[in-house]
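There are 2 protein chains.
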Amino acid sequence: MMSYKEMTKEELQEIRKEVAAKYDELKAKGLKLDMSRGKPNTEQLDISMGMIDTLTDYNLVGEQGVDCRNYGVLDGIIEAKRLLSAMIECPVDNIIIYGNSSLNVMYDTVARSMTHGVMGSTPWAKLDKVKFLCPVPGYDRHFAITEFFGIEMINIPMTEDGPDMDMVEDLVSKDEAIKGIWCVPKYSNPMGITYSDETVRRFANLKPAAEDFRIYWDNAYCIHHLYEDHQDHILEILEECEKAGNPDMVFKFCSTSKVTFPGSGIAAISASKANLDFIKKQMSVQTIGHDKLNQLRHARFFGDFNGMLEHMKKHADIIRPKFEAVLEMLDKELGDLGIAKWTKPNGGYFIGFDTMDGCAKKVVAMCKEAGVVMTPAGATYPYGKDPHDSNIRIAPTFPSTEELKQACEIFVTCVKLVSLDKILETK
Amino acid sequence: MMSYKEMTKEELQEIRKEVAAKYDELKAKGLKLDMSRGKPNTEQLDISMGMIDTLTDYNLVGEQGVDCRNYGVLDGIIEAKRLLSAMIECPVDNIIIYGNSSLNVMYDTVARSMTHGVMGSTPWAKLDKVKFLCPVPGYDRHFAITEFFGIEMINIPMTEDGPDMDMVEDLVSKDEAIKGIWCVPKYSNPMGITYSDETVRRFANLKPAAEDFRIYWDNAYCIHHLYEDHQDHILEILEECEKAGNPDMVFKFCSTSKVTFPGSGIAAISASKANLDFIKKQMSVQTIGHDKLNQLRHARFFGDFNGMLEHMKKHADIIRPKFEAVLEMLDKELGDLGIAKWTKPNGGYFIGFDTMDGCAKKVVAMCKEAGVVMTPAGATYPYGKDPHDSNIRIAPTFPSTEELKQACEIFVTCVKLVSLDKILETK
Numbered sequence: 001m002m003s004y005k006e007m008t009k010e011e012l013q014e015i016r017k018e019v020a021a022k023y024d025e026l027k028a029k030g031l032k033l034d035m036s037r038g039k040p041n042t043e044q045l046d047i048s049m050g051m052i053d054t055l056t057d058y059n060l061v062g063e064q065g066v067d068c069r070n071y072g073v074l075d076g077i078i079e080a081k082r083l084l085s086a087m088i089e090c091p092v093d094n095i096i097i098y099g100n101s102s103l104n105v106m107y108d109t110v111a112r113s114m115t116h117g118v119m120g121s122t123p124w125a126k127l128d129k130v131k132f133l134c135p136v137p138g139y140d141r142h143f144a145i146t147e148f149f150g151i152e153m154i155n156i157p158m159t160e161d162g163p164d165m166d167m168v169e170d171l172v173s174k175d176e177a178i179k180g181i182w183c184v185p186k187y188s189n190p191m192g193i194t195y196s197d198e199t200v201r202r203f204a205n206l207k208p209a210a211e212d213f214r215i216y217w218d219n220a221y222c223i224h225h226l227y228e229d230h231q232d233h234i235l236e237i238l239e240e241c242e243k244a245g246n247p248d249m250v251f252k253f254c255s256t257s258k259v260t261f262p263g264s265g266i267a268a269i270s271a272s273k274a275n276l277d278f279i280k281k282q283m284s285v286q287t288i289g290h291d292k293l294n295q296l297r298h299a300r301f302f303g304d305f306n307g308m309l310e311h312m313k314k315h316a317d318i319i320r321p322k323f324e325a326v327l328e329m330l331d332k333e334l335g336d337l338g339i340a341k342w343t344k345p346n347g348g349y350f351i352g353f354d355t356m357d358g359c360a361k362k363v364v365a366m367c368k369e370a371g372v373v374m375t376p377a378g379a380t381y382p383y384g385k386d387p388h389d390s391n392i393r394i395a396p397t398f399p400s401t402e403e404l405k406q407a408c409e410i411f412v413t414c415v416k417l418v419s420l421d422k423i424l425e426t427k
Numbered sequence: 001m002m003s004y005k006e007m008t009k010e011e012l013q014e015i016r017k018e019v020a021a022k023y024d025e026l027k028a029k030g031l032k033l034d035m036s037r038g039k040p041n042t043e044q045l046d047i048s049m050g051m052i053d054t055l056t057d058y059n060l061v062g063e064q065g066v067d068c069r070n071y072g073v074l075d076g077i078i079e080a081k082r083l084l085s086a087m088i089e090c091p092v093d094n095i096i097i098y099g100n101s102s103l104n105v106m107y108d109t110v111a112r113s114m115t116h117g118v119m120g121s122t123p124w125a126k127l128d129k130v131k132f133l134c135p136v137p138g139y140d141r142h143f144a145i146t147e148f149f150g151i152e153m154i155n156i157p158m159t160e161d162g163p164d165m166d167m168v169e170d171l172v173s174k175d176e177a178i179k180g181i182w183c184v185p186k187y188s189n190p191m192g193i194t195y196s197d198e199t200v201r202r203f204a205n206l207k208p209a210a211e212d213f214r215i216y217w218d219n220a221y222c223i224h225h226l227y228e229d230h231q232d233h234i235l236e237i238l239e240e241c242e243k244a245g246n247p248d249m250v251f252k253f254c255s256t257s258k259v260t261f262p263g264s265g266i267a268a269i270s271a272s273k274a275n276l277d278f279i280k281k282q283m284s285v286q287t288i289g290h291d292k293l294n295q296l297r298h299a300r301f302f303g304d305f306n307g308m309l310e311h312m313k314k315h316a317d318i319i320r321p322k323f324e325a326v327l328e329m330l331d332k333e334l335g336d337l338g339i340a341k342w343t344k345p346n347g348g349y350f351i352g353f354d355t356m357d358g359c360a361k362k363v364v365a366m367c368k369e370a371g372v373v374m375t376p377a378g379a380t381y382p383y384g385k386d387p388h389d390s391n392i393r394i395a396p397t398f399p400s401t402e403e404l405k406q407a408c409e410i411f412v413t414c415v416k417l418v419s420l421d422k423i424l425e426t427k
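Protein sequences appear in the order of chains A and B.
According to UniProt numbering, the first sequence holds residues 1 to 427 in order.
According to UniProt numbering, the second sequence holds residues 1 to 427 in order.
What the hints contain is simulated information worked out from the structure, not anything from laboratory work.
Please note that a few of the clues may not be correct.
Lysine-lysine pairs mimicking DSS-like chemistry, simulated, CA-CA at most 30 Å apart [said to hold, decoys possible]:
id : chain 1 : residue 1 : chain 2 : residue 2
1  : B       : Lys281    : A       : Lys361
2  : B       : Lys280    : B       : Lys29
3  : B       : Lys280    : A       : Lys385
4  : B       : Lys243    : B       : Lys281
5  : A       : Lys281    : B       : Lys29
Construct the complete structure from the given sequences, taking the supplied hints into account.
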């Protein structure tokens, strides 16, 4: 295949006819496919079915003598703390176990800062302006939280090593209104990028103007590898922050949503003791405690962290072929055309795809017309505004491999067609 | 027995000697007892053990085809909505199912009002002053929420029919800063009072100065009867509000914490469609959804609302003897002395006890010295300040009946001793 950009107008017009015919043919099939949802498939859910039976020996008393059926234990039973602190890589004393959703923990963290500040700082609701840095493309639900609270979001471009740290350092040190940055440090959503050691160290060594600046470190895919032999690793940020003299600068989040059952998992926050003490003051007003039976269920199901890692291999075996099917199709159909770029992540839930500037919305719209739902173009940017209109998030986990191949065929056809039109505009 | 107040100084001094000797004797036993905790006992938890097995047929697809293991369904599966709407008495369309804690739902409701107002009103954080009416004695965790958000709390005395409605009507109609009132309308915490029909109707017909005034109707004990033949009933407030032309004026809360497992139950809010639509906007930012497996577990365990009512009879059979043991002891030991009053509730979790003015703190302190933990005096009032220093909450459910009898013996002895000293002061 030859790059479109090297072709003559006539060659391009010829190809456009073929591609348009292909599109019409595919559209005529009237398919209903979906590559938008970052959710586990049924086969993945099935490997956790042992969770349903885990407590049927009726022994519901935890190691520390807690009857997990009754009230009590605000911050989580020791078994759950041990499991999730291993997962999120922190001392067992530096974690609070929450309910079923890390998103909810992040929401609560921002909400609390609005009304009560951070470790004694002025409540953000009393400030004229609060800003967050948002590495882009990023996770739409992060941006939805900050938008909901009227927090101004500033785009930070992602590099292959993580966010543009020159820009982060510069902005954070100058502007006291900047109170946080959203990070998915490992197998990022949607690009699958893992932050380099240097990036993590530069984060830990930030010199923020705001005392209540925090790094919102959403380690959603910390153990979500696709390969046994190609796994990404990140430096542990809590420890790096401590080394750098910034022990209170980070909140780490994780959950088992994509380990066991989404919606029926357990979530956690990890931070310095000073941060956790402040959080617990609020938490003790908010709730008597989270679902300890579900905490016990998780701890007993996995036995220990090794059990969890073994479990993750089963997930990898199920979703790896799906990622590979998509990547193969992209390589084969778009590899040399010079009209798109995409990532080949070692883990996580997404493939990040970039069209030529100004093409993403049209591609997604054409896909929809032909029966393929993609994540809306722009969703990976604050306010839904991708300044290049180029980023599209591909979510390969939920559909069957067969469906994925059909969906990809339509997707690449749309990419070709929209790109051809774009190139022809200037010829 | 004769009323203390009718006795001479000498008679009282004689009795005081006897009571003090009794106290020393009881104290010497070195008991460790607790009548402070409104939590179910082990036997109560045991009747819900079927919950542990409920899903072991591995059929985890809900009626409407939802795979309850995966993401999705923000406001609860239909099975859970049907069950809890029957429990809280509302149409199935007027409910949202939450996570494990109605306290958390109430917290979220106030927190959202702080940052985003109520159905479009000015966020309370932007107002100079926000006030809540607090029927007293009441539930300390309600007051903790409003105190946490800096909301000024105004005491409203409770009568046998519910809050003093003359005062409520007057204050609410005059003061735009009053945004809510905390209510436990049935078997109230701690007095076990149930609001009369007239009280409910007067609530529904309030003419609040603030458009964002809401009644926070925590129907925590809606089906928590102690007797089959003496059950309290309340008018359904949502419907009454609608009739009165105030359809949006109430938020109802409930949970299964004291039906199945505290901490592993499901909670709900019920309100008008306009209120729920506003809430869902926030909720969709806060979470992807709550634990649907636990919703399914509850629905399947009970089958239907009748199953839940049958289940509640088992709870009643377990805790009724405990209430009766306490009441018998109070009657026998304090019945005619004229130094205390207490309630005989038909349901709920508490017996409300009033000492003579200025005695509650001393009684609780003396109990503690003799090994009996009571809810701290004052806890049933905003800011922990009981203006009469008279109210003590007795929680009979958790200890064994034998422990309760021992604890009560100490309690009544302390009440006598403190009262005697009080009366002797003025003789």
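We went through each hint and held it up to the structure:
no.: 1; hint: B:Lys281 - A:Lys361; verdict: holds, 25 Å
no.: 2; hint: B:Lys280 - B:Lys29; verdict: violated, 56 Å
no.: 3; hint: B:Lys280 - A:Lys385; verdict: holds, 24 Å
no.: 4; hint: B:Lys243 - B:Lys281; verdict: holds, 27 Å
no.: 5; hint: A:Lys281 - B:Lys29; verdict: violated, 36 Å
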